[in-house]
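Colleague: Here the protein sequences come in this chain order: A and B.
All residue numbers for the first sequence refer to the numbering used here, where the first residue is -7 and numbers rise by one.
All residue numbers for the second sequence refer to the numbering used here, where the first residue is 189 and numbers rise by one.
Please note: incorrect hints may appear among the correct ones.
With a straight-line cut-off of 30 Å between C-alpha atoms, the simulated DSS-like cross-links for lysine-lysine are [stated by the list, open to error]:
#: 1; chain 1: A; residue 1: 50; chain 2: B; residue 2: 212
#: 2; chain 1: B; residue 1: 233; chain 2: A; residue 2: 50
#: 3; chain 1: B; residue 1: 212; chain 2: A; residue 2: 76
Don't read these hints as lab results, they were simulated from the structure.
Bear in mind that the values here come from a model prediction, so they are computed numbers and not experimental data.
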Amino acid sequence: METILEISEHIDPSTVYSELSHPESGGICVFVGAVRGVTKKEKVTSLFFEAYKSMALKEMQKIADEAKEKWNLNKLVMKHAVGKKNIEEPVVIVGASSAHRDDCFKACRFLIDTLKENVPIWKKEFFENDEVWVSSHP
Amino acid sequence: MNILLFGITRDIVGRHQLDGEEFKDLSTVGDLRNHLQQKYPDLQKLSSLNIAVNEEMREDSFIISGRDEIALIPPVSGG
Chain A
-7 METILEISEH IDPSTVYSEL SHPESGGICV FVGAVRGVTK KEKVTSLFFE AYKSMALKEM
53 QKIADEAKEK WNLNKLVMKH AVGKKNIEEP VVIVGASSAH RDDCFKACRF LIDTLKENVP
113 IWKKEFFEND EVWVSSHP
Chain B
189 MNILLFGITR DIVGRHQLDG EEFKDLSTVG DLRNHLQQKY PDLQKLSSLN IAVNEEMRED
249 SFIISGRDEI ALIPPVSGG
């Protein structure tokens, strides 16, 4: 299975269709996560993402391998942005293509859910008068 | 041994990296966590604090050596 993994300053959702397109794929499913301008009713000004890049790419490869075991996929993409990101900017793109839609829908959900749980990437939220590393405290 | 610090652990310690010379007498992941939590008490307030050795998450009993790359992994929040 062709797999594209990337952690970089800028990720571009406009290229994902061609990255996942495949002659044996009748379905392509993509999730794009973006910066939301409000969290818990507070106005967010921007986000900052930091990664332990070498380990994060290894963990993304493990998730891709697991997805390939579970479903019949032809292509798979996982990309995450790092650095400062403004409202509406894309920060994560995951997707898969498969012969029929069921496999790529399920895989796409698994890719983003497992990325959020396991991959060593951290997000800081900036508010007008505060900044917080997300999920760091109980 | 180098200890890499990310996210809130870097803010708490105030550095990107710690020189492992100070930790050379510690033999396991659990010993290292205890030592760091004593030295930097704010680390105890985190929801979790995992330790990666050579880019793999390891249990407390895992033996560390001077050649390892070690990283503190506070709660992840990507996506």
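Colleague: A separate judgement is required for each hint: does it hold in the structure or not?
Modeller: Results for each hint:
1. Straight-line distance between C-alpha atoms of residue 50 of chain A and residue 212 of chain B comes to about 27 Å, which keeps the hinted pair within the 30 Å bound.
2. With a CA separation close to 28 Å, the supplied pair residue 233 of chain B and residue 50 of chain A stays within the 30 Å bound.
3. For the suggested pair residue 212 of chain B and residue 76 of chain A, the alpha carbons sit about 36 Å apart, so the restraint of at most 30 Å is broken.
Checked against the numbered hints given earlier, the structure breaks only hint 3 and satisfies all the rest.
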